[in-house]
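Trainee: Sequence:
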Amino acid sequence: MDPKILIFMLLVCCSSVFNVGAQSYQGKWKLLKRSIGVSAMHMALLPNEKIVTFDRSEFGPSNITLPQGECIKEDSKSSDCYAHSVEFDPATRAVRPLTILSDTWCSSGAFSIDGTLVQSGGYRLGEKVVRYFKPCMDCDWEEDQNGLLSPRWYASNQVLPDGKIIVVGGRYQFTYEFIPKLSSSDRILYKLPFLKETRYSVLVPNNLYPFLHLSTDGNLFVFANDRGILLDYINNKVIRSYPVMPGGISRNYPSTGSSVLLPLKLFSTTDSDNNTSTPDAEVLICGGTAPDSNEKANVGVFVPASKSCGRLIITAASPEWEMEEMPINRVMGDMIMLPTGDVLIINGAAKGTAGWGVARDPVLNPVLYRPDARNSDGSTRFEVLAPSLIPRLYHSTAHLLSDGRVLVGGSNPNINYNFSALYPTELSLEAFYPPYFTKKKPRPSIVAVNPGLKIGYKQKISLEFTLEGSVILSDLFVTMVAPSFTTHSIAMSQRLLVLAFNNEVKKTSSGNYLVEGYAPETAALAPPGYYQLFLVHEAIPSKGKWIQIKQF
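Taken in order, the sequence shown gives residues -22 to -1, 1 to 530; the numbers are from mature numbering (1 follows the signal peptide of the UniProt record, and there is no 0).
Rather than coming from a laboratory, the hints here were simulated on the basis of the structure. Predicted model only: the values in this text are computed from it and were never measured. Just to be clear, a hint being listed does not mean it is correct.
[What the hints assert, rightly or not] Listed next, the in silico DSS-like pairs over lysine-lysine satisfying Cα-Cα at most 27 Å (straight line):
1. Lys521 with Lys438
2. Lys417 with Lys523
3. Lys106 with Lys159
4. Lys274 with Lys329
5. Lys285 with Lys329
6. Lys523 with Lys485
7. Lys418 with Lys8
8. Lys8 with Lys521
9. Lys419 with Lys243
10. Lys484 with Lys521
11. Lys243 with Lys417
12. Lys418 with Lys521
[What the hints assert, rightly or not] Pairwise CB distance ranges (calculated):
13. Ile217 with Lys274: 33 to 41 Å
14. Ala351 with Thr444: 24 to 32 Å
15. Phe397 with Val277: 35 to 43 Å
16. Leu160 with Glu446: 43 to 51 Å
Glycine included, each C-beta is placed from N, C-alpha and C at the ideal position.
Turn these sequences into a full structure, and let the hints guide you.
Mentor: Put into structure tokens, the structure is as follows:
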């Protein structure tokens, strides 16, 4: 990188407001590592606060070698001495090379109940592999070469209420299956014709990496191309078909948009008759491009990406799309749930599509989406934020950290590592600081979670916290965020719950504050596993505390 650009970046990252002409933008950026040795195509945050990231093993040499001079023998004539996966410590910025044996290109993942990253599929010899990475010191990848029944390339994963993981779709795969294979029903391949019905064409499917969201009734929302269904995956039955999303835009790979399940608000636990109150589930989908954008981009015509977003309450009696527009056209954007319940839309391009060299006009400005905001004049919920200086296009990622920052990495729209292309292979990691870091208000800090960091469903819990000044009860709430696996503009299993807490703040004998409430009632609301717990006051989140929820 040109030293002048680097100096400029350092100046920018230290400013809370970025000015371009007369325009001011909130948020700030900081370069964490110029090179981690690999391009961060896939990313996950483990409960030990380490980031595991990897690209693919067939990109050729990376910029980091395997530990202790090791090499992987590929055949009788060649071996690979380069790492294609690393562990990154956001606190120290240390990088540790990891050994991955099979090709992880365009694969998927999720977390098991004990916090192990379960990673599935990939390309060629990696397409049926299930890989495991445990959150422990000096651990490395473990691989089950026959962990899947069907090849899974561009598939999507979702954690289920029983702790299993469903794997849906993949190129030429119109089925789903479960991991791990613990029972006879887990060793069955289930057909899902919806995936074939929504395919745009054989060469340009526009329905790969389908969006998956676990509904509050335990069924699975599946969205592919321009429409969604509600799937009873246990009985292999589509129980609901939703309206086509308006606009004529494709939303899935390679016309890649992104999707989130908006916050599940557990403000009330039971009514006077002791009946459980289940919140509505609402999905937000943004971006994407015209169905033929990939075909045109491959002959040098770069179609503008879509500005459109749609919200759909998938639990409503008669659901209808509520459409609105982003301030910037975007394809290949990542949508990350912030601890406050707002959505950060980041990375991507304004023209073209996903794929090798087929996107133009990098979108450098993130956008903040406030789901509950609506100005009296009916204006937008969106706010444009401070831009990065680094294009993040195809094969880029973003991930929420426990301190509230968003880690951003990757971008390699080239077949191999190429540092002289129009958009070079990017090995750096940046942190984006959302606007809540620059507000001149005190940040709360969680001191303790009672009865502990392992909790059961419906269990009464309390949070002891500190805060300079007085607590404004109406501006206080607690959120619980599921760790996701991010790749190709999808944060798999991403989920945020606003917990039900009593409308009262107490003082402890030590002078700290105390709030009391309840854990989620069911595993359909919060599948078992690890979560980050945040306390938010005046729209400023504390640092997250890792908790584990399961049936005890």
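Trainee: Can you give the numbers of the hints that this structure goes against, from lowest to highest?
Mentor: Hint check: 15 fails alone, others pass.
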